[in-house]
Amino acid sequence: MAKRKRKKSEIWGIFSLLFIFLTKFKFLLIVLKAFKLSSLVSLVLSLSVYAIFYGWSFAVALMYSLILHETGHMIAAKQRGIKTSPVFFIPFIGATVGIKDEIKHSKDESYVAYAGPFLGMLATLLAIGLYLLTHSSLYALMVYLGSILNLFNLLPVSPLDGGRIVSAISPRIWFIGIILLAGLMFIMPNPIIILILIFGIIQCINQLRQPVDHRYYQNDIRRLKRRADFLHKFNQIEDIYVKNETQYLDDYRSKRLSERLMEIDANQSISKSFKKIRKQHYKRQMDIYKNTSLDQSEDGLIWLDKEIKKMQQKADQVANYYKTSMKQKIVIGVAYVILIVILGFFYYYSQLILPNPNQLR
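Take any residue in the sequence shown, count from 1 to its spot, add 3: that is its number in this note's numbering.
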């Protein structure tokens, strides 16, 4: 009798959820716009896999949280003028939204990242309200899964949302996130946690490389400017013999670069890391020579001007990406902590309404 009552409660929960989506048709359209055929196929596949292993209630509750979480990212990205790919669901891993455009500042990255757990929190709050109205075990599951899913995502380590949120405060917080994630891995060993930990360490290493990248762009700008000065001086040469001699020497240097590149490739005594750096250096110089031929010096100057602006933009972006005002840091930090506290309370409440969350069938 109790089992039949529980089944009716779950069915009522599913139908009431569908009714809410249909009454909020405008919101439903926004959600559907986030999906294309590949998304719908991956959604149905994930839903089916979760249903086979854990039951339909668990599958519906989990997909509800994932869909709204990822929709939050997509809405925020659209608000900031950032193009995204459709949502893609991966069984036993979760869901993801690909960013097509380059995010130019950590403030935008933080905003887009925050929107996922924020809408996830609102979705969990809605599930609490529906549970209080219906006492359906489906909504109890939504509260539990929504709170734990979004809380985990708020760990301050990239590529999780929490790591991308705190990037606008300081990327150094990622190191704290790595310690927390490593501790969690020992408490709850899981291949997904190990994978996130590896990505997190890579992100920390890339962040430490930031000054190196900035120096690379600055060196490239100086190299491009020297070439531009050379072309300007070449255009001012009036003596035909001097001009021909200059062009001959320039062609010789270009050929010599190609020879050096082959020598580097053939030299087995050079370490791979050094070889990679030298090859990158020679290839860049060859690219500059290729696009700034003295026969077409005016076209070369136009190309150089564009490249200098592009490299300067990259250098500025690397230098300023994580720079935010103290006011912005405080606002982001407070919003981040408030979201953690609210979701933490929701998780505590889920333990009261779902006494044994391990028995989810």
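No lab work stands behind these hints, which were simulated from the structure alone. Nothing here was measured: the structure is a model prediction, and the numbers come from that model. Note that beta-carbon positions come from the ideal geometry of N, C-alpha and C, so glycine has one too. Keep in mind that a hint or two might mislead.
Claimed, not checked - Below 30 Å or equal to it, Euclidean Cα-Cα: the simulated DSSO-like pairs (lysine-lysine) are:
no.: 1; residue 1: K236; residue 2: K312
no.: 2; residue 1: K326; residue 2: K228
no.: 3; residue 1: K312; residue 2: K286
no.: 4; residue 1: K236; residue 2: K313
no.: 5; residue 1: K275; residue 2: K293
no.: 6; residue 1: K107; residue 2: K330
no.: 7; residue 1: K313; residue 2: K81
no.: 8; residue 1: K103; residue 2: K317
no.: 9; residue 1: K258; residue 2: K330
no.: 10; residue 1: K110; residue 2: K278
no.: 11; residue 1: K275; residue 2: K236
no.: 12; residue 1: K326; residue 2: K81
no.: 13; residue 1: K107; residue 2: K282
no.: 14; residue 1: K312; residue 2: K278
no.: 15; residue 1: K258; residue 2: K81
no.: 16; residue 1: K332; residue 2: K103
no.: 17; residue 1: K275; residue 2: K330
no.: 18; residue 1: K332; residue 2: K282
no.: 19; residue 1: K293; residue 2: K330
no.: 20; residue 1: K326; residue 2: K293
Stated by the list, open to error - Distance ranges between label pairs, derived from CB positions:
no.: 21; residue 1: F348; residue 2: F95; range: 24 to 30 Å
no.: 22; residue 1: L211; residue 2: A185; range: 15 to 21 Å
no.: 23; residue 1: Q283; residue 2: Q82; range: 36 to 42 Å
no.: 24; residue 1: E248; residue 2: K107; range: 19 to 25 Å
Report task. List in ascending order the numbers of the hints, as given earlier, that are violated by the structure. Result -> As far as the earlier hints go, 9, 10, 11, 15, 17, 18, 19, 20 and 24 are violated by this structure, in ascending order.
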